[in-house]
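Residue-level listing of the chains:
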Amino acid sequence: MPMIQRKQVIPGDVVAKGNYRYGSYIEKRGEEYVALRVGLAEVGRDEIKLNPFTGPYLPRTDDEVIGKVIDINGFGWVIDINSCFDGFLPASFVFGRDFSPATHDLSSKFRVGDILGTRIESYERSRDPQLSIRGEGYGKISSGEIVKISPTKVPRVIGRRGTMINLISEKTGCDIRVGQNGVIVVDGSPDGIVKAIKAIRLVEEETHAPDLMSKVEAALGGGVVGGN
Amino acid sequence: MMKKNHVVESITKERMVQLLASGKRLDGRALDQPRNLNIETGVIPKANGSARVTLGNTLVLAGVKIATGIPFPDTPDKGILMVNAEILPMSSPYAEAGPPSEDAIELARVTDRGIRESEMVDMTKLGLIPGKSVIAVFVDCNIMNVDGNLFDATSYAVVSALRTAKMNRYVVKDDKAVATDELIPVPVERTPVSVTIARIGDKLVVDPNSEEEASMDMRITITTDDYGNICASQKGEASTISPEQVLQAADTSISVGKAIRAKILEATS
Numbered sequence: 001m002p003m004i005q006r007k008q009v010i011p012g013d014v015v016a017k018g019n020y021r022y023g024s025y026i027e028k029r030g031e032e033y034v035a036l037r038v039g040l041a042e043v044g045r046d047e048i049k050l051n052p053f054t055g056p057y058l059p060r061t062d063d064e065v066i067g068k069v070i071d072i073n074g075f076g077w078v079i080d081i082n083s084c085f086d087g088f089l090p091a092s093f094v095f096g097r098d099f100s101p102a103t104h105d106l107s108s109k110f111r112v113g114d115i116l117g118t119r120i121e122s123y124e125r126s127r128d129p130q131l132s133i134r135g136e137g138y139g140k141i142s143s144g145e146i147v148k149i150s151p152t153k154v155p156r157v158i159g160r161r162g163t164m165i166n167l168i169s170e171k172t173g174c175d176i177r178v179g180q181n182g183v184i185v186v187d188g189s190p191d192g193i194v195k196a197i198k199a200i201r202l203v204e205e206e207t208h209a210p211d212l213m214s215k216v217e218a219a220l221g222g223g224v225v226g227g228n
Numbered sequence: 001m002m003k004k005n006h007v008v009e010s011i012t013k014e015r016m017v018q019l020l021a022s023g024k025r026l027d028g029r030a031l032d033q034p035r036n037l038n039i040e041t042g043v044i045p046k047a048n049g050s051a052r053v054t055l056g057n058t059l060v061l062a063g064v065k066i067a068t069g070i071p072f073p074d075t076p077d078k079g080i081l082m083v084n085a086e087i088l089p090m091s092s093p094y095a096e097a098g099p100p101s102e103d104a105i106e107l108a109r110v111t112d113r114g115i116r117e118s119e120m121v122d123m124t125k126l127g128l129i130p131g132k133s134v135i136a137v138f139v140d141c142n143i144m145n146v147d148g149n150l151f152d153a154t155s156y157a158v159v160s161a162l163r164t165a166k167m168n169r170y171v172v173k174d175d176k177a178v179a180t181d182e183l184i185p186v187p188v189e190r191t192p193v194s195v196t197i198a199r200i201g202d203k204l205v206v207d208p209n210s211e212e213e214a215s216m217d218m219r220i221t222i223t224t225d226d227y228g229n230i231c232a233s234q235k236g237e238a239s240t241i242s243p244e245q246v247l248q249a250a251d252t253s254i255s256v257g258k259a260i261r262a263k264i265l266e267a268t269s
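Keeping their order, the protein sequence lines are chains E and G.
The first sequence: position 83 = 83 (this note's numbering), numbered continuously.
The second sequence: position 71 = 71 (this note's numbering), numbered continuously.
No lab work stands behind these hints: they were computed from the structure.
Small disclaimer: the values here were computed from a predicted structure and weren't measured.
Incorrect hints may appear among the rest.
To be verified - In silico DSSO-like cross-links for lysine-lysine, where the CA-CA straight-line distance does not exceed 27 Å: (1) E:Lys7 / E:Lys49; (2) E:Lys148 / G:Lys24; (3) E:Lys109 / E:Lys153; (4) G:Lys173 / G:Lys132; (5) G:Lys13 / E:Lys109; (6) G:Lys235 / E:Lys198; (7) E:Lys140 / E:Lys7; (8) G:Lys125 / G:Lys78; (9) E:Lys28 / E:Lys7; (10) G:Lys13 / E:Lys140; (11) G:Lys235 / E:Lys148; (12) G:Lys235 / G:Lys263; (13) E:Lys140 / E:Lys198; (14) E:Lys198 / G:Lys13; (15) G:Lys65 / G:Lys78; (16) G:Lys132 / G:Lys13; (17) E:Lys140 / E:Lys153; (18) E:Lys109 / E:Lys148.
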């Protein structure tokens, strides 16, 4: 593993000099790579990344997002995916190819206010992101409590290979579903839900604290709660 | 696409209704418990008076400007009072720039009515030269963050700003109103307090937050004065309210209003 250097940057800071592959929120100016956001820059051997501290959710193909139906039109559902763009779930993805607005009733499937687990099917800058519910586990979520966090903090809530979310889930006996867009659905016993939400908020608040894992573990306390 | 209004998640609404049935609310408050109220006055140095009020996450800034003006023909010896409110585009994902929305107009009018009809400011003391010149009091409010119940937050901001406002004393010289350097308070007589109550299902809740506002069937805003008199009220949304519930709402607004008035008086005296 190459050493990764981390540093906090503000817009205009030079993240690195030389020849690197670089991701979003970084601009190359001559030899210099300049940060465009306030965030944590990671400089690897041949790659630099910038994780901004705040920002909207920007859709990416194949992301799992949790959205809310905010409107129904003749051809599909308009979904609020906690982004600057509204997602669109075409009716033909749900009813099949023979969908016709005349014979199918869209509100019989999903109504305004319903929460859906969806996947981003395609997204280009010229069009609103298209969603799909094809596949295991996608579709309407019928119970649970909704927690919204900053989308930039989703990776920390999930943790390396899901360790953080598994820890919270195990300790509270809750099912936790995290959308890449920062919407989280927590389902379980009432006590467990309260604990899980507290833990998620802790991760959100202390995103960059060292050894966050043990902090969360301490906050959750020993033993397993709920589990009814 | 523009988001038109707040859609509450169906699972959240289900829980809200469930909790209400057992006398609880999503944020842990009792049904007749308003959110935390915080009042700061004198936040705008150049205004005659100002207040920044937070009610939960709702944030309102009010400023008072006092000048001379020409009285209305039907009240030649009384001052002018105008309360206006504007919802800033950055305050909520659903607020837009441009001409004020219906909600913003209603907000301004309900707030103005509460202040005016409670006779908070003694308008007869604002007259200078009958028919020609009177003191005009303008209160402008900016809603900086929306989390429900703008009516009450704005009303508290206006009352707090007016209670702490200072104006130049005017004297009449050679048939002209002249400002002196002496600063005097605005002639405030009463402390109107508005209390908004929402009906969700068959339950009445005080000080609805934005989630509750988006799920409510109707709302009623009642303004009371120091003596427990009802001075103004406004009902909103399409649904109805039973006579018993109107009386219940009136009682609640008086009792809740009392506690809030004490807070306003404490913060502004």
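* Under the criterion that the straight-line Cα-Cα distance not exceed 27 Å, is the pair G:Lys235, G:Lys263 satisfied? -> The given pair, whose Cα atoms are some 25 Å apart, holds under the 27 Å limit.
* To do: Could you grab the alpha-carbon distance between E:Lys109 and E:Lys153 and see if it respects the 27 Å cut-off?
  => violated, 32 Å
* Asked: Within 27 Å, alpha carbon to alpha carbon, are G:Lys235 and E:Lys148?
  -> With a Cα-Cα distance of about 32 Å, the restraint between G:Lys235 and E:Lys148 is violated, given a limit of 27 Å.
* Starting from G:Lys13, check that the Cα of E:Lys140 is at most 27 Å away, please. => With Cα atoms ~15 Å apart, G:Lys13 and E:Lys140 stay inside 27 Å; holds.
* Asked: Holds or violated: are the alpha carbons of E:Lys140 and E:Lys7 at most 27 Å from each other?
  -> violated, 41 Å
* Does G:Lys78 lie within 27 Å of G:Lys65 when you go C-alpha to C-alpha? -> Distance ~17 Å between G:Lys65 and G:Lys78 Cα, so the pair holds.
* Verify the proposed pairing of E:Lys148 with G:Lys24, using a straight-line Cα cut of 27 Å. => With a Cα-Cα distance of about 22 Å, the restraint between E:Lys148 and G:Lys24 holds, given a limit of 27 Å.
* Taken at face value, is the distance from the CA of G:Lys78 to the CA of G:Lys125 at most 27 Å? -> Holds, at about 7 Å.
* Asked: Is the straight-line distance between the alpha-carbon of G:Lys132 and that of G:Lys13 27 Å or less?
  -> Not OK: G:Lys132 and G:Lys13 at ~56 Å, beyond 27 Å, violated.
* Asked: When you check the alpha-carbon spacing of E:Lys198 and G:Lys13, does it fall within 27 Å?
  -> holds, 21 Å
* Given hint E:Lys109 paired with G:Lys13 - CA-CA distance at most 27 Å -> holds, 19 Å
* Quick one, are G:Lys235 and E:Lys198 close enough, alpha carbons at most 27 Å? -> Judged against 27 Å, a Cα distance of about 38 Å means the pair is violated.
Figure legend: structure checked against the earlier numbered hints; hints not met, in rising order: 3, 6, 7, 11 and 16.
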